[in-house]
Amino acid sequence: MPLIDSAFWLTSGAIIGLLILSAFFSGSETALTASSRATMLRLAQDGNRNAGVVNRLLSARERLIGALLLGNNVVNILSAALATALMTRLFGESGVAVATLVMTALVLIFAEVLPKTYAITNAEKAAVRVAPVIKVIIPIFSPVVTLVRALVRGILYLFGVRTDPDSKFLA
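Each position in the sequence shown, counted from 1, maps to that position plus 2 in our numbering.
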């Protein structure tokens with residue numbers, strides 16, 4: 003069985019797709035949180051529907067951040083797992099180290115620094131572009147984010163830390 007076959011290319015394609023999703027989540031978080039509220043309000047008043055969506059997303063900032071963090075963590079962990087499987091197939095046990103180095107570089111450059119740099123430089127433009135997609139993602143991820151919130155509060159409670167039940171932390 004050859005090491006570079008259709009499974010290799012499918013896995014490589016999946017990793018690239020996941021890195022693109024990671025870049026989307028990272029850039030979206032930066033764009034939405036860095037966008038000017040005043041500019042978004044003005045754009046919404048001028049009839050830009052996506053600016054109105056940005057304003058609604060920002061009104062529930064913790065829920066927004068929770069969904070974006072969940073999405074980013076899922077795609078980053080999955081891409082790293084796939085890369086590890088791929089690299090161990092090619093390089094044996096050393097593939098774990100190769101995958102770690104390669105994925106660290108790829109995620110850092112293409113899924114973190116590059117999209118966040120673009121998003122901070124073009125916050126309003128990027129925010130209105132990503133808002134409709136993020137608006138759909140938040141309700142999908144909301145049950146998991148709510149579960150994480152409850153789990154975190156439960157663990158903190160076990161250690162004697164009481165959280166405000168009305169706090170919007172991650173939900």
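Hints listed in this document are in silico derivations from the structure and should not be mistaken for laboratory results. Accuracy of the hints is not assured; some may be wrong.
Unchecked claim - Ranges between beta-carbon positions, derived for each pair:
| # | residue 1 | residue 2 | range |
| --- | --- | --- | --- |
| 1 | G162 | E64 | 15 to 25 Å |
| 2 | I18 | L149 | 46 to 56 Å |
| 3 | R91 | G49 | 18 to 28 Å |
| 4 | S8 | Q47 | 33 to 43 Å |
| 5 | R131 | F161 | 16 to 26 Å |
| 6 | G94 | R44 | 34 to 44 Å |
| 7 | R44 | G162 | 43 to 53 Å |
| 8 | T123 | A9 | 35 to 45 Å |
Owing to the predicted nature of the structure, the values given are computational and were not obtained by experimental measurement. For glycine and all other residues, C-beta sits at the position ideal for the given N, C-alpha and C.
Results of checking the hints against the structure:
1. G162 with E64: 15 to 25 Å: holds, 23 Å
2. I18 with L149: 46 to 56 Å: About 30 Å separates the Cβ atoms of I18 and L149, which means 46 to 56 Å is violated.
3. R91 with G49: 18 to 28 Å: violated, 53 Å
4. S8 with Q47: 33 to 43 Å: At 53 Å between Cβs, range violated.
5. R131 with F161: 16 to 26 Å: violated, 42 Å
6. G94 with R44: 34 to 44 Å: With a Cβ separation near 58 Å, G94 and R44 fall outside 34 to 44 Å, so the hint is violated.
7. R44 with G162: 43 to 53 Å: For G162 against R44, whose Cβ atoms are near 47 Å apart, the range 43 to 53 Å holds.
8. T123 with A9: 35 to 45 Å: Cβ of T123 to Cβ of A9: about 39 Å, so the range 35 to 45 Å holds.
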